[in-house]
Amino acid sequence: MDTVLLQLNNIRQAYGAQVVIHDLSLQLQRGQIGCLLGPSGCGKTTALRCIAGFERVSAGAIVLNGANVSSAGIFVPPELRRIGMVFQDYALFPHLDVAANIGFGLHRLARAERERRIEELLHVVHLASVAKKYPHELSGGQQQRVALARALAPKPDLLLLDEPFSNLDVSLRERLSMEVREIIKNQGTTAILVTHDQAEAFAIADVIGVMDHGEIQQWDTAFNLYHCPANRFVANFIGQGVFVPGRVIDTHRVEIELGVLSGVIPQHCAAGCQVDVLLRPDDIVHDDTSPLQAMVIHKAFRGAEILYTLRLASGAKVLALVPSHHDHALGGKIGIKLAADHIVAFQQPEE
Amino acid sequence: MLKSNLSRFPIAVFFLFSLLVVKPLHAEEVVVYSARIEQLIKPMFDAFTKETGIKVKYVTDNEGALLARLEAEGKNTPADMLITADAGNLWAAAQAGLLQPVKSAVLENNIPAHLRDPGNEWFGLSIRARTLIYNTKKVKPEELSTYEDLADAKWNKRLCLRTSKKVYNQSLVAMMIAEHGEAETEKIVKGWVANLAVDPLSDDTRALEFVAAGKCDVTLVNTYYFGRLMKKDPNLPLAIFWPNQNTNGVHVNVSGAGVTRHARHEQAAVKLLEFLSSDKAQNLFADVNMEYPVNPKIAADPFVAAWGGFKQNPINLVKAGELQTTAVKLMDRAGYQ
Amino acid sequence: MAIWRSVPFIAAALVLAPVGVIVSSFFAPAGDVWQHLLETTLPLLLVNTFWLALGVVAGTALLGISLAWITAVYEFTGRRFFSWALLLPMAMPAYVTAFVALGLFDFTGPVQTALRAWLDSDLSWFPDIRGRMGVVAVMTLAFYPYVYLLARNAFLSQGKRSLEVAQSLGFNRRHGFFRVVLPMARPWIAGGLMLVLMETLADFGTVAVFNYNTFTTAIYKAWFSMFSLPAASQLASLLIMIVFAVIVMEQQFRLRMRYAENKRTERAQRICLTGWRNWLVTGFVLGVLFLAFLLPLLQLCRWGAQSFAQDFDFDRYLEFLWHSLTLSGLAALLICAAVIALVYAARRYSSPATRFAVRIATIGYALPGTVLAIGVYVPLVWLDGRLSEWLAGWLQVETGPLIQGTLAIMLIAYLIRFMAVSHYPIDGAMQRITPSIDEAAMSLGVHGGMMIRKVHIPILKPGIFTAATLVFVDVMKEMPITLMTRPFGWDTLAVRIYEMTSEGQWEQAALPAVTLVFAGLIPICLFMRQTEK
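Chains as they are written, first to last, in our numbering: chain A, 1 to 351; chain B, 1 to 337; chain C, 1 to 533.
Derived from the structure by calculation, the hints contain no laboratory data.
Cut-off 35 Å, straight-line C-alpha distance, at most; resulting in silico cross-link-like pairs (DSBU-like, lysine-lysine):
#, chain 1, residue 1, chain 2, residue 2
1, B, Lys311, B, Lys140
2, C, Lys160, A, Lys132
3, A, Lys185, A, Lys132
4, A, Lys133, C, Lys461
5, B, Lys319, B, Lys280
6, B, Lys103, B, Lys311
7, C, Lys160, A, Lys155
8, A, Lys133, C, Lys160
9, B, Lys190, B, Lys138
10, B, Lys187, B, Lys140
11, B, Lys311, B, Lys137
12, B, Lys154, B, Lys137
13, C, Lys160, A, Lys185
14, B, Lys154, B, Lys190
15, B, Lys297, B, Lys140
Sequences and hints are given; from them, build the entire structure.
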């Protein structure tokens, strides 16, 4: 059996003259949870709707389970794609109770089997106690789980989730996102999630595609997105960090104000080339003995740590994550040192 | 804030309403409720105003609604006079105590006794004769004789009738009951129903068109419908036949009027009634709709007179009212829709 | 706020007064009229009425829903035009469609006459337009816009999304439509069908043209022909009870379901129809529009042109038009304001009692026009009489009747009759205002009257526009109440049509009818500009 469940080959989608997806490709392995992450308007929801079959692609192909389901001239309607979808607004049926909502897609099963499956899912999503209630009688989190159970019930090959947590409050989001991942994994389902919230993406997804302007900027694990962003957009979008100017010394070293970093540097850069180097808050550690001093201009208490915004002698700003017992006043000077083990640097944009 | 807004709302509505309240002026006038439509009363009213200076205000509606309205308004009614297009409803109005007797030598003189209420509460003003119309290509006049004859099997699938819901047919059947008794009349009506070529039609004009188109051979209508149709298309193969000339005569109904019990302008109303029965108005009243004047001294419109003279059924029209309910029930029993 | 709390009950009382007048006669002896009806016509009337109601409800459901779905979800040639043009038949009174249909297709009409001449046959195979199918067809064509309008609202706001949900659960479009989209749109569709049902049961004009005997014709017959008001009232009471039972059943059925619309609809991406499918759909929609509106209008214009020279009097017609527009406009304003108050109060102080009161308040539509007209007129005139007596005693002035013979009495009567018409759309819109919207507004310091003005009214606006359009057009077409309660000289276009048709002169009625249709187009076009933006 092929391990690739879903493949998007250079798909393009446009509403009239307005191109929403330029050229999008990705591959999702069976059992994986993928995520399309990006700011609003980047085309991620449209990509999801193309996969579902609610939109047609104008070029490229979508291959699901080894079969071409959408390309110019070929279009398999949504109901034949064996997909499940959790809508952003849940779109629960107000005229049906919870059990009936979940059982809705099981119309091909025999009655007894259907009851069994509903029962099973009610347990999976912890809603057995409200099986006979109507959607409007449920809390937001409960509604969300009904929507998930309804989509999972027919055992789809691929589950699509469109901003599934955006209608929930933040505290609930974190708990639910972990719960949802567990449920999906337990059911052995492959899934794609669309979100603009990276915490959510990191919590659920095995592999994440950062999207901008209708294209995937990077399709990778959360670790790589953070530590090896493919481009400036990804670097900016994922996590926190600042760019500081640097100069390439040789093939594997860059000099910045705080010292010299070694690692892989941009290919087109020869010695002497000017680059921007990404410094994450964890690339800088607090060291009272360090000769390098920086002024505290902002601080944010994070519980275990404090995130300091520091000004260097040159005026450049950097971030530093420091254990919270090191409490320094605004305007005070603290010693810092570089603790990065690799370089993330991009050529300076030409003016 | 909220409170003041809310309490202002009903006040504003009330104010709006009171603006719409138009107080009636008490000039010399007569107020008429008429079931005869505007086109058929306005010329006479204009003539009356011109002669007497008395203004006529009127509203039109159907008979039943006007009667109910008079009853609801009771002594507060603005109406001085009720005009209807048939005798049955005048009888009903009198029966409900909505009219008052008028003692007037002028009216007694102008209107034959069988066309007015014996108690003088209402008066016929124009005659509406309900007669037979046949298709000249399919029927010879010798074949026709009476209303009763239309029940004969020789007319099977040749007869068209207007619905029994129309008061003209109810009056006709009521007058037949007055003459033949219920059992005999029911037999006749059943014969009619058996002879129908199509289900009863919604109005007289439709019935005439069906005869002209050859769907049926003969029908029973008021003459003015025939007149209207012939004026529009003189080439239609239709002709008039006066039935029952050797027996009791043609069934006639009237369009008539009465003065209301609580009339505020009683004298003016009587004046209007007398005017409508006078030489001046009689022709107007009848001719405007190709009806016959009630006043036997007045000749009908030449177009109407050309259809020939006929003998009227002399039974007093009060019977049409008295027996109307009986007639309706009889037609129901006979299956006349 | 006691005044708000009592609004539903005031409205219910308003409607109950005439209904009470009618029902109060329920135990009055009606002589042997009942016995007679039972023995003769009643069984047939019930069968006739049943098939008529069933036929028209089924017909309008089929036509209204399919047209709403087509125009809400598909893209086809002329879609923009049709989506509002399909409402035009609302401006065409059913009795007008009826007499045009008979005038054209009956035995003596031009179609059959020409066919007879051409085929040289007696055309015995030609369907009898005056039969049951004819009445059902005419009423279906006249009433489908109620269903179309409300169903389209539902489909536009949630149709596409519902279909997607169904498809994601493995239903194809057809099954998705029946299993998901239709059930989801049920409150709206049921509202439209309820209006159709009430209008059908109350209709007198159309069935009179066809001489098709129904329960309503029996009421008229008992009253006007047999002079038995008790029997007529008792028949009417039965009608009220039947309609009420249907309404309550529907209400119970969906009591636990709340139909808040989905909060946000994405840009509705219509499904493009191409090739023969496109032309099939365009042809179907055009066909409906042609039969329900264009054909009657053409025929009216033809007749109108014939009678134009003798009948047209510019000043007179201007006056009719002015009266029609003024009355309809005032009535639309008053009724919408009243219904907003009603719906608002019912929402704010929701209880079984208020819900029941609201049901009562919307039942006036089901009563045959003349019956309701009398029912309204009797208590109003009685009250008026008491009031003027009281004033006479108190102020020592002879005021005479105060509201009798004024526009006020007309407007109250219209209010009683047409609250139902504006209730469905406004109530539907009100359901969109979730409690959280109120709370959000209050948290921003907006409450009370300001909240109504700044938050509720804008959200209700589409519903209010729908309601106002329906009321406007309905009032303009209305006959019995207008005839009975109009002040002297306040003749409207509908009055003119009545005068012409009461003597069977349909051709003469064409001129005012055409004017009425065009006047009715004004609010429909305004409405369309509002909603199609």
